[in-house]
Amino acid sequence: MGNEVDAVRPPGGERLLADVDAAERELTLARRRPDDPAMPVDVAAKLARFEALLAQDAKIEPRDWMPDGYRATLVRQISQHAHSEIMGMQPETNWITRAPSLRRKSILIAKVQDEAGHGLYLYSVAETLGVERKDLLDALHAGRQQYLSFINYPTLTWADAGALAWLTDGAAVVNQVPLCRASYAPYARAMVRVCREESFHHRQGFDALYAMSRGTDAQRAMLRDAVHRWWYPALAMFGPPHDQSTHSDQSMAWRIKRFTNDELRQRFVDNCVPQAEVLGVDLPDPDLRWNPDRGHYDFTPPDYDELRRVVRGDGPCNRQRVAHRRRVHENGAWVREAASAYAAKRDRVAEEVAA
Amino acid sequence: MTESPDWPLWEVFVRARRGVAHTHAGSLHAPDAAMALHNARDLYTRRSEGVSIWVVPTANIAASSPDEKDSLFDPAADKAYRHPTFFQLPEGVEHL
Numbered sequence: 000m001g002n003e004v005d006a007v008r009p010p011g012g013e014r015l016l017a018d019v020d021a022a023e024r025e026l027t028l029a030r031r032r033p034d035d036p037a038m039p040v041d042v043a044a045k046l047a048r049f050e051a052l053l054a055q056d057a058k059i060e061p062r063d064w065m066p067d068g069y070r071a072t073l074v075r076q077i078s079q080h081a082h083s084e085i086m087g088m089q090p091e092t093n094w095i096t097r098a099p100s101l102r103r104k105s106i107l108i109a110k111v112q113d114e115a116g117h118g119l120y121l122y123s124v125a126e127t128l129g130v131e132r133k134d135l136l137d138a139l140h141a142g143r144q145q146y147l148s149f150i151n152y153p154t155l156t157w158a159d160a161g162a163l164a165w166l167t168d169g170a171a172v173v174n175q176v177p178l179c180r181a182s183y184a185p186y187a188r189a190m191v192r193v194c195r196e197e198s199f200h201h202r203q204g205f206d207a208l209y210a211m212s213r214g215t216d217a218q219r220a221m222l223r224d225a226v227h228r229w230w231y232p233a234l235a236m237f238g239p240p241h242d243q244s245t246h247s248d249q250s251m252a253w254r255i256k257r258f259t260n261d262e263l264r265q266r267f268v269d270n271c272v273p274q275a276e277v278l279g280v281d282l283p284d285p286d287l288r289w290n291p292d293r294g295h296y297d298f299t300p301p302d303y304d305e306l307r308r309v310v311r312g313d314g315p316c317n318r319q320r321v322a323h324r325r326r327v328h329e330n331g332a333w334v335r336e337a338a339s340a341y342a343a344k345r346d347r348v349a350e351e352v353a354a
Numbered sequence: 000m001t002e003s004p005d006w007p008l009w010e011v012f013v014r015a016r017r018g019v020a021h022t023h024a025g026s027l028h029a030p031d032a033a034m035a036l037h038n039a040r041d042l043y044t045r046r047s048e049g050v051s052i053w054v055v056p057t058a059n060i061a062a063s064s065p066d067e068k069d070s071l072f073d074p075a076a077d078k079a080y081r082h083p084t085f086f087q088l089p090e091g092v093e094h095l
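Chains as they are written, first to last, in numbering that gives the first Met the number 0: chain A, 0 to 354; chain B, 0 to 95.
Some clues are possibly wrong.
[Unchecked claim] With a Cα cut of at most 25 Å, we get these calculated SDA-like pairs of lysine to any residue: (1) B:K68 to A:Q319; (2) A:K45 to B:D5; (3) A:K133 to A:G312; (4) A:K45 to B:P65; (5) A:K104 to A:D248; (6) B:K68 to A:S212; (7) A:K133 to A:Q319; (8) A:K344 to B:L71; (9) A:K133 to B:K68.
[As the list claims (entries may be wrong)] One side only, chain B facing chain A, incomplete, derived with CB under 8 Å: (10) L8; (11) M34; (12) L36.
Read the hints as simulated data drawn from the structure, not as lab findings. Even glycine gets a Cβ: it sits at the ideal position worked out from N, Cα and C.
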């Protein structure tokens, strides 16, 4: 594509980043609270102390006592999040060699590298909860743990790479900004970093689409098709409605989650509509319209049955994505073995010198 | 599935710029210190977040326990006189 443009800032991005900055300031100010009681001995008192910390919005650190359910919920959510980051490299990796310019290729490489990085920050957070990274990867490869459903849809054209970033990374930012205030401190700290980088992903996607929107009729048609393909997978990323969501109430009580799936989905729709207008593209929902009484856009919710099927493993690309992940893990085995052998040899030499 | 080798965990500390202390950034797995440093560079300084990196094997860090927080930190609790604000100065006294 010849008509590369200067980065365009999608409306709403500034406010989301300001939320991330505010969450980071809260984390640095969190060092001392007036009521930071000592650790009692019996479990009932430990639970009371844990709940008192949550009630005053204090952070939980890895070595604090925490209920088993809180720990299990965090492990499930954080490992699923980590898996989504590394599986999420796949739909875009396909487009690195085919991106339309060197600049777009470089940007896409940086984005895919970030996704790997986000996966690694999050596995590192999961490990502070007492699980082994190896076991989490095994669970992903064996299909015992899930990842976000949108990854199981194909990226058919270059416009899909842009639409995926604008819509699904945009949804991820809306979902993840509140996690910068999650009660589990290592998760909150990692999410501050993830959100700052995710914002780049979101903007570069919009920027790629904006370039197409000012291109030829064929490019605009490609843009529209791709946006139509990704709108509902992005809406589905917020999960089932609150009243059907298994873990939401407990996660909100534990201050892991701050908003319901429905509130976040609404916020995302409200962000996207004016951006779609700038792109000159319609969204695939005839009932999408501003509701002045609610002060929000009304919209048709995603097909939750399809969401459940795709999460369970029956999406268009589930088997292909997991098989690819297993294959690259297998193919990398010799690198891991060589690094281990080299480290062992250096230890041996060091011991011999010392002896 | 091939078994991954059990590489030790390393804690990563990054100095953001000259004049500030190294700050904990996160952790990673690596077979040795050189690889840990390289991986830390790729993982925690992709956007020029650092000018210096420390990596420390997690197993070598001794940490105080939240359970003993009271006995460990209580001795400082009743010594407000260690803070200059403990002392009331007479009116008009400056540079003190």
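Now the hints, each set against the structure:
Pair hint B:K68 plus A:Q319 does not hold up; C-alpha atoms about 51 Å apart against a cutoff of 25 Å. For the hint pairing A:K45 with B:D5, the CA-to-CA distance comes to about 34 Å; that exceeds 25 Å, so the pair is violated. Our distance criterion of 25 Å between C-alpha atoms is met by A:K133 and A:G312, whose separation comes to about 22 Å. At most 25 Å may separate the alpha-carbon atoms for a hinted pair to count; A:K45 and B:P65 meet this at roughly 12 Å.
Distance check on the hinted pair: A:K104 and A:D248 sit about 42 Å apart at the alpha-carbon level, beyond 25 Å; violated. Of the supplied pair hints, the one linking B:K68 and A:S212 is violated, its CA atoms being roughly 60 Å apart against a limit of 25 Å. Proposed proximity of A:K133 and A:Q319 is supported: the alpha carbons are some 22 Å apart, at most 25 Å. A threshold of 25 Å between alpha carbons decides the hint, and for A:K344 with B:L71 the separation of about 42 Å lies outside it, so the pair is violated.
With a CA separation close to 33 Å, the supplied pair A:K133 and B:K68 exceeds the 25 Å bound. With 8 Å as the threshold, the beta carbon of B:L8 comes within range of chain A, its nearest partner Cβ sitting at about 7 Å, so the hint holds. At about 6 Å, the closest approach between the beta carbon of B:M34 and any beta carbon in chain A falls short of 8 Å, and the interface hint on this residue holds. Against a cut-off of 8 Å between C-beta atoms, the interface hint on B:L36 is violated, since the closest Cβ of chain A lies about 13 Å away.
The structure fails hints 1, 2, 5, 6, 8, 9, 12 (numbered hints given earlier, in ascending order).
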